[in-house]
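> Using the sequences and the hints given, assemble the complete structure.
Read in order, the letters of the sequence shown are residues 294 to 822 in the numbering used here.
Note that these hints are calculated values from the structure, not bench results.
There may be inaccurate statements among the hints.
[Said to hold, decoys possible] Taking lysine to aspartate or glutamate and the DMTMM-like style, the derived pairs with C-alpha atoms no more than 25 Å apart in a straight line are: (1) Lys601 with Asp329; (2) Lys738 with Glu756; (3) Lys363 with Asp417.
[Stated by the list, open to error] Between beta-carbon pairs, the in silico distance windows are: (4) Glu434 with Pro472: 29 to 35 Å; (5) Lys731 with Gly520: 51 to 57 Å; (6) Glu719 with Pro619: 31 to 37 Å; (7) Ala579 with Arg460: 42 to 48 Å.
Computed from a predicted model, the values in this text were never measured in an experiment.
Ideal Cβ positions, reconstructed from N, Cα and C, are used throughout, including at glycine.
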Amino acid sequence: MTKPRVLISDALSPAAIQIFKDRGVEVDFQPDLGKDKDKLAAIIGDYDGLAIRSATKVTPKILAEARNLKVIGRAGIGVDNVDIPAATARGVIVMNTPFGNSITTAEHAIAMMFALARQIPAADASTQAGKWEKNRFMGVEITAKTLGIIGCGNIGAIVAERAIGLRMRVIAFDPFLSPERALDLGVEKVELEDLLARADIITLHTPLTEKTRNILSADNLAKTRKGVRIVNCARGGLVDEQALRAALDSGHVAGAAFDVFVAEPAKENPLFGHPNVVCTPHLGAATSEAQENVALQVAEQMSDYLLKGAITNAVNFPSITAEEAPRLKPFIALAEKLGSFAGQLTESGLERVRITYEGEVAQMKTKALTSAAIAGLLRPMLADINVVSAPSIAKERGIVVEEMVRDAAGDYDSLVTVAVETENGERAVSGTVFADGKPRIVDIKGLKVEAEFAPSMIYVSNEDKPGFIGRFATTLGDAGVNIATFALGRDRPGGSAIALVEVDGGLPAQVLERVMTIPGVKQAKPLAF
Numbered sequence: 294m295t296k297p298r299v300l301i302s303d304a305l306s307p308a309a310i311q312i313f314k315d316r317g318v319e320v321d322f323q324p325d326l327g328k329d330k331d332k333l334a335a336i337i338g339d340y341d342g343l344a345i346r347s348a349t350k351v352t353p354k355i356l357a358e359a360r361n362l363k364v365i366g367r368a369g370i371g372v373d374n375v376d377i378p379a380a381t382a383r384g385v386i387v388m389n390t391p392f393g394n395s396i397t398t399a400e401h402a403i404a405m406m407f408a409l410a411r412q413i414p415a416a417d418a419s420t421q422a423g424k425w426e427k428n429r430f431m432g433v434e435i436t437a438k439t440l441g442i443i444g445c446g447n448i449g450a451i452v453a454e455r456a457i458g459l460r461m462r463v464i465a466f467d468p469f470l471s472p473e474r475a476l477d478l479g480v481e482k483v484e485l486e487d488l489l490a491r492a493d494i495i496t497l498h499t500p501l502t503e504k505t506r507n508i509l510s511a512d513n514l515a516k517t518r519k520g521v522r523i524v525n526c527a528r529g530g531l532v533d534e535q536a537l538r539a540a541l542d543s544g545h546v547a548g549a550a551f552d553v554f555v556a557e558p559a560k561e562n563p564l565f566g567h568p569n570v571v572c573t574p575h576l577g578a579a580t581s582e583a584q585e586n587v588a589l590q591v592a593e594q595m596s597d598y599l600l601k602g603a604i605t606n607a608v609n610f611p612s613i614t615a616e617e618a619p620r621l622k623p624f625i626a627l628a629e630k631l632g633s634f635a636g637q638l639t640e641s642g643l644e645r646v647r648i649t650y651e652g653e654v655a656q657m658k659t660k661a662l663t664s665a666a667i668a669g670l671l672r673p674m675l676a677d678i679n680v681v682s683a684p685s686i687a688k689e690r691g692i693v694v695e696e697m698v699r700d701a702a703g704d705y706d707s708l709v710t711v712a713v714e715t716e717n718g719e720r721a722v723s724g725t726v727f728a729d730g731k732p733r734i735v736d737i738k739g740l741k742v743e744a745e746f747a748p749s750m751i752y753v754s755n756e757d758k759p760g761f762i763g764r765f766a767t768t769l770g771d772a773g774v775n776i777a778t779f780a781l782g783r784d785r786p787g788g789s790a791i792a793l794v795e796v797d798g799g800l801p802a803q804v805l806e807r808v809m810t811i812p813g814v815k816q817a818k819p820l821a822f
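Set out below in structure tokens:
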């Protein structure tokens, strides 16, 4: 049997190269090749695997030449240098190492917090300039201060643990952090408004999504206590940089320490030049230990896939075999969309998820389906999540995942139900796959409704009253929003009702506000699939 061949086109630890060799994988180490797209495209067709860091850009042009490529392994978490849709279209698995940088990034956040509290960079520059300005640099103690953590996942939890060791009080805002997990960490789970009002120092450890973009906006910065200090070692764009500069200039914010910026490389930035700002050039993962960890992990993952077919930390494909794929594919899409539906409607802390499989689908590989459902459920807040990493991330956040299988499916050959339990109660949504292979919603909170998933939809919960449909359609029509499909459900005449409406294009916020003014409307929520 011919050994699989892997090309390493970026600088990677020699230990990773040795892992490939020890596992029986032929490896070609060309650490500068990633900078030469044409040369990479010319030789990539000879390899089964490509191991990269950030310098190599895997474009559709390169993938078009990758006739034998089976897997791309990214040593690190970010895969924005890989065209994932193009890789997926060619059947190339894309793997990353999402947890290898966690300790290093958490430690950098703590270091930035100390640098900010004691003005270490400015004091160093002053002292080395021979000024000895001892009275100028009056810092603050970390002990007994309240640290507010926005995003208490893997990295945020490590920061919390370190901060508690420093005798800080730690509060955390994270919709996916369960009360039990918060108790285990020793942190107080709070809402964002409470965190803003109480924290002496705020540190961000959440992915950049549409929900988290500018989570520290001008309005939210104004809600913070005077003298707050802000640390961002997560993602550029979580903080409105212009608004933060204004808050620094006014003295409302005492200082900021940033490792990440909206535009990188950051040659200029609104924060630059302020005396109470500390900046580093995206050094969160820049330690020898972290680089070694991610290199070893990617070598192990790629070897396991090429030699055994095992898939770990894939960002574009679930753990299923080629034989299972055709049958499972529509149900994976169904499970992920049902999870996404529930996730987009969930605004309080998740505690438990129960996924029930009835009928023929109960005989399939439900583990892959459950992973897809959890990925869909968590993706509205966690952009980097995938079907492989979803179960471990849910466990890390203290979310209980239950899986149930039943032989009978009632009205359908197969039925999948995703039930989400939060602090405010339980919500369930069910769906099936019809003969045409398209996933459909068939039940929402016990109300029968049949609708296909669409790119842009509106979910409305209302009282079943005459005139609702006319008022709703008129409200959208007056706003220039075209209705494509309209599905209705109710429990009884005059009781609780729902509408699931597909619309063309996006939905402005002011239109939703008008929908909420229609008599009997309890909830109106935009959905995207």
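> With reference to the structure, classify each hint as holding or not holding.
Checked hints:
About 32 Å separates the Cα atoms of Lys601 and Asp329, which puts this hinted pair outside 25 Å; it is violated. Restraint check for Lys738 and Glu756: the C-alpha separation of about 14 Å stays at or below 25 Å, so the hint holds. Among the hinted pairs, Lys363 with Asp417 is inconsistent with the structure: their alpha-carbon atoms are about 50 Å apart, more than 25 Å. Remark: the range hint 29 to 35 Å for Glu434 to Pro472 is upheld by a beta-carbon distance near 30 Å.
Distance hint check: the CB atoms of Lys731 and Gly520 are about 56 Å apart, consistent with the given range 51 to 57 Å. A C-beta distance of roughly 34 Å is found between Glu719 and Pro619, which places it inside the suggested range of 31 to 37 Å. For Ala579 and Arg460, the hinted distance range of 42 to 48 Å is not satisfied, since their beta carbons lie about 28 Å from each other.
Violation of the numbered hints given earlier is confined to hints 1, 3, 7; the remaining hints are satisfied by the structure.
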